[in-house]
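Q: For the record, the sequence lines run as chains G and S.
First residue of the first sequence: 177, per this note's numbering; consecutive thereafter.
First residue of the second sequence: 177, per this note's numbering; consecutive thereafter.
Check the hints yourself; a few may be wrong.
Claimed, not checked - Pulled a few chain S residues facing chain G out of the computed Cβ check, cut under 10 Å:
| no. | residue |
| --- | --- |
| 1 | A287 |
| 2 | A296 |
| 3 | Y311 |
| 4 | S459 |
Said to hold, decoys possible - Pulled from the structure, derived: some chain G residues nowhere near chain S, Cβ distances all over 10 Å:
| no. | residue |
| --- | --- |
| 5 | E188 |
| 6 | V273 |
| 7 | P440 |
Unchecked claim - Among the chain G residues that face chain S by a calculated CB cut under 10 Å, a handful are:
| no. | residue |
| --- | --- |
| 8 | S297 |
| 9 | G313 |
| 10 | T337 |
For the record, the hints were derived by calculation from the structure and aren't laboratory data.
For clarity, every value in this text was computed on a predicted model and none was experimentally measured.
The C-beta atom is built at its ideal place from N, Cα and C for all residues, glycine as well.
Number of protein chains: 2
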Amino acid sequence: MSRPAFNERLAELVRTRGNPLCVGIDPRWELLPAAIRGRHDNTGEGHAHAFTEFGLHVLDLVGHLVPVIKPQSAFFEACGPAGFTAQAAILKRAAEVGALTILDSKRGDIASTATAYAQASFAVWGADSVTVNPYLGQDAVEPFIAAAREVRGGLFVLVRTSNPGSGLFQNLTCDGRPLYQHVAGAVNDWNRGHGDVGAVVGATHPRELAGLRGLMPDVWFLVPGFGAQGGSAADVTGAFRADGLGAIINSSRGITYPFHPDDPAWEEKIVAATQRAIAELQSVMP
Amino acid sequence: MSRPAFNERLAELVRTRGNPLCVGIDPRWELLPAAIRGRHDNTGEGHAHAFTEFGLHVLDLVGHLVPVIKPQSAFFEACGPAGFTAQAAILKRAAEVGALTILDSKRGDIASTATAYAQASFAVWGADSVTVNPYLGQDAVEPFIAAAREVRGGLFVLVRTSNPGSGLFQNLTCDGRPLYQHVAGAVNDWNRGHGDVGAVVGATHPRELAGLRGLMPDVWFLVPGFGAQGGSAADVTGAFRADGLGAIINSSRGITYPFHPDDPAWEEKIVAATQRAIAELQSVMP
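The following block holds chain G by itself, in its conformation from the complex (with noise of 0.2 Å):
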């Protein structure tokens, strides 16, 4: 295949529209705007319709905007088979738009069923990267990154996550330093010399942010947590190299979500929210 490799194309799109923001797209029913339920069924196969209705318009909102949209496959997975659909159609239109795509499945598993796993992600939903747990360790990764490889996509590893309770496991003291930080070493070793194999770092951790940088020094950061889970602009900026590339920050619900569902001005919202946040962002780039 022809295409610049996955970091090469993260870097241009970055570049080219000056701001790492990536508009997660997690679709809930009771948040979307009433005129777009009221066209659908509360059913699995109407919420699945209704996500591919709400996720193509905000793509076409302010799909040309940023450089990377994350859907979250939980939302659609909960609508049933109609869902993973959406999904697809979702991923489909981003790349239409220009923009690189994150499917956020956290998948990990061994073997023949990693590798079910990794073709599922980019040959069957066609994303070019795809969130990946480690705890399987080695061979649980190894056919997600052969597979991306491939087709010059990408991973992103889970490494330090931002929910309130991540640090039961990934805090604990391990031979001298928090097991998050072995899984660091791990991303940094099978990122090099391809620059595909990505981290999860989150937002609510500002501290931990510049550390993990300096384990990783020349690694992708995917970043959630920034907006509605309580990270702020100023929270993230430990997580870009010294070029101002190396980090793509993520925002979900303060994108998708800033309106009442009956607001009729919910179009005109979303733009605003994006605007605002790639401000803040670029406020803070180095």
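Chain G is already provided as a structure; the job is to place chain S on it using the hints.
A: Below, chain S without anything else, positioned relative to chain G:
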């Protein structure tokens, strides 16, 4: 809901069927009987229909002999949306033949996202239980526990997996003992008073099984790695409680693919492989 708790249903089935075997349904197009492949297209949708035909047939052959059936979600996902219709059909048939089901999808995410995965597992796909990855911590597991308790279902948390590379993180020494033992301690706490939070513990680590049984005296173990992955019946003895219960031993490829695709006697071979696995396990149960 008036049905008995998950651990009681599990214990009752192991007692009445007289064995702890879990039949894993990991359908792969190239391993299916040629007779089934010949009736379907070599496309994602065709694979899904073939997986349905094969999976339902396996359940009709041996579903009444064993207490538990475990579909591996990755292989269904690799078919596209129709794969999930196949997965749901197999889970439904398993219930009809009186077996409990474990949806092996190794999900893990936080807060409302974890709730969406849990709702998908129990309410949408209809599984009795689901495998869960613990790396994200307390608030990644709790939504699965809450959803399981609503339907008197259960979950199995990955503690020590059966793959050769599982030690990379699981074996790190954290505060004086391996990471997987910390996870075991958390599972033991989550399970207390309810009996619905199990542990995935690989048969490929026989010496650790007895130690893990000591750390989780009342927890139900799901033990993969028996059969094709190299674990023998003798290797799993440490998984059982003294009363002979407490462990479900999975075999996937060894039971569903003991034949060459062109073998016309594939049905007899599935039944024979199941009976042989049951006899082997009965010989080592306490």
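Q: Out of the numbered hints, which ones does the structure contradict?
A: Hint 4 contradicted; others consistent.
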